[in-house]
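Peer 1: If you want the building blocks of each chain, they are given just below.
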Amino acid sequence: MSKNLFKFDIKTEKAQQMIDITHLLRQAIEQSEIREGIAVVYCPHTTAGLTINENGDPDVVRDIIEALNRVFPVNASYRHFEGNSHAHIKSSLVGVEKNIIISEGKPVLGTWQSLYFCEFDGPRRRNLFIKIIEMK
Amino acid sequence: MSKNLFKFDIKTEKAQQMIDITHLLRQAIEQSEIREGIAVVYCPHTTAGLTINENGDPDVVRDIIEALNRVFPVNASYRHFEGNSHAHIKSSLVGVEKNIIISEGKPVLGTWQSLYFCEFDGPRRRNLFIKIIEMK
Amino acid sequence: MSKNLFKFDIKTEKAQQMIDITHLLRQAIEQSEIREGIAVVYCPHTTAGLTINENGDPDVVRDIIEALNRVFPVNASYRHFEGNSHAHIKSSLVGVEKNIIISEGKPVLGTWQSLYFCEFDGPRRRNLFIKIIEMK
Numbered sequence: 163m164s165k166n167l168f169k170f171d172i173k174t175e176k177a178q179q180m181i182d183i184t185h186l187l188r189q190a191i192e193q194s195e196i197r198e199g200i201a202v203v204y205c206p207h208t209t210a211g212l213t214i215n216e217n218g219d220p221d222v223v224r225d226i227i228e229a230l231n232r233v234f235p236v237n238a239s240y241r242h243f244e245g246n247s248h249a250h251i252k253s254s255l256v257g258v259e260k261n262i263i264i265s266e267g268k269p270v271l272g273t274w275q276s277l278y279f280c281e282f283d284g285p286r287r288r289n290l291f292i293k294i295i296e297m298k
Numbered sequence: 163m164s165k166n167l168f169k170f171d172i173k174t175e176k177a178q179q180m181i182d183i184t185h186l187l188r189q190a191i192e193q194s195e196i197r198e199g200i201a202v203v204y205c206p207h208t209t210a211g212l213t214i215n216e217n218g219d220p221d222v223v224r225d226i227i228e229a230l231n232r233v234f235p236v237n238a239s240y241r242h243f244e245g246n247s248h249a250h251i252k253s254s255l256v257g258v259e260k261n262i263i264i265s266e267g268k269p270v271l272g273t274w275q276s277l278y279f280c281e282f283d284g285p286r287r288r289n290l291f292i293k294i295i296e297m298k
Numbered sequence: 163m164s165k166n167l168f169k170f171d172i173k174t175e176k177a178q179q180m181i182d183i184t185h186l187l188r189q190a191i192e193q194s195e196i197r198e199g200i201a202v203v204y205c206p207h208t209t210a211g212l213t214i215n216e217n218g219d220p221d222v223v224r225d226i227i228e229a230l231n232r233v234f235p236v237n238a239s240y241r242h243f244e245g246n247s248h249a250h251i252k253s254s255l256v257g258v259e260k261n262i263i264i265s266e267g268k269p270v271l272g273t274w275q276s277l278y279f280c281e282f283d284g285p286r287r288r289n290l291f292i293k294i295i296e297m298k
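Protein chains in written order, with the numbering used here: chain A, 163 to 298; chain B, 163 to 298; chain C, 163 to 298.
These are calculated hints, taken from the structure and not from any lab test. Keep in mind it's a predicted model, so treat the numbers as computed, not measured. Zero decoy hints are in this set.
It does not matter which identical chain is meant; a pair holds if it fits inside one copy or across any two.
Mimicking SDA-like on lysine to any residue, the simulated pairs with C-alpha atoms at most 20 Å apart in a straight line are: (1) Lys-176 / Arg-287; (2) Lys-268 / Met-163; (3) Lys-165 / Glu-198; (4) Lys-173 / Gly-272; (5) Lys-169 / Pro-269; (6) Lys-169 / Lys-298; (7) Lys-169 / Gly-272; (8) Lys-169 / Thr-273; (9) Lys-165 / Leu-271; (10) Lys-268 / Asn-289; (11) Lys-165 / Lys-298; (12) Lys-173 / Pro-206; (13) Lys-298 / Met-163; (14) Lys-169 / Glu-266; (15) Lys-298 / Glu-192; (16) Lys-169 / Trp-274; (17) Lys-298 / Gly-267; (18) Lys-173 / Thr-273.
Extracted from the complex, chain A is given alone in its bound form (with noise of 0.2 Å):
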């Protein structure tokens, strides 16, 4: 693999979750000693993906997990036989991939932004790929 890019293991401990993976995120940049650019974040999972929102109330988190369920519920009529369908459909709706600006050597979030790791057909052992790219 290239210096610039990382992989990190992540367990999932519940059926649908948001974790943040801030910290994450800030330990590729300063591996990769780059402070001015952009860091590509990639989830390589279909029931699994990425969003950006608030880290003040865990409220918030959990209000768009439940809205997702309204919406899209787990046990719906769904043609794919590993009854999962509602996972793959919020990974598609959230993403699966978030690019990051990188200034100064931290990454241009705002004050209440944090970068969450979305399970939604867990839990499970994942896996998370950042790649740095350097632009002055």
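Using the hints, position chains B and C against chain A.
Peer 2: For chains B and C alone, kept in the frame of chain A given last:
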């Protein structure tokens, strides 16, 4: 800040609003003097977002706002005490970061595409970042 | 056009359809001869989009299309005169741009992941752009 990172102020005027910000994207690309590469556009807020959609008929972006309100109502039963969970959910669904290809000094957009700042909990003063990455 | 920007024609054959375009991504990466970096994939249309999801069971992408139709029906009450607002909404939700990491000359995709072009208002002739960015 790096010479290829641009920050803009945006003043939204309604509770929910789509604001065409394609001119800010063009401005950042021109000021960078980079002719081939990508632009990473980033919204540092958790109750707003970014989307790329039609600019021909303004009813399209109105339909997007109304459809999202039908599915994720402003006044549903949410946990988050601030009462704006609908806006956090919409932010996670449209996303807060978009990548646009730059070719010959211009954004590669479709004929009918514009870049929109999506206000879901306004009116407010908001920020926007654009990072330009060169690749010939 | 830059030597690292690739344009493809896609012919969709149904009103709504997910077309696996992972081979176009691999082709662009190979032609660029870039072994480490990212690929920015871009759909220049407002009633189509891109998503990354499962390729093992074709019922998964059928379930995604059906679930989106249940929530954002083709024939709901919309303002836009062309009658395809459902397609614009779906385009904003799955998004029109995706970033994929390149390592050792190959896209870093999960075992079950493919890149899909999402037609929401076809059949039509569509375009696709892929820009390759190098970062060792």
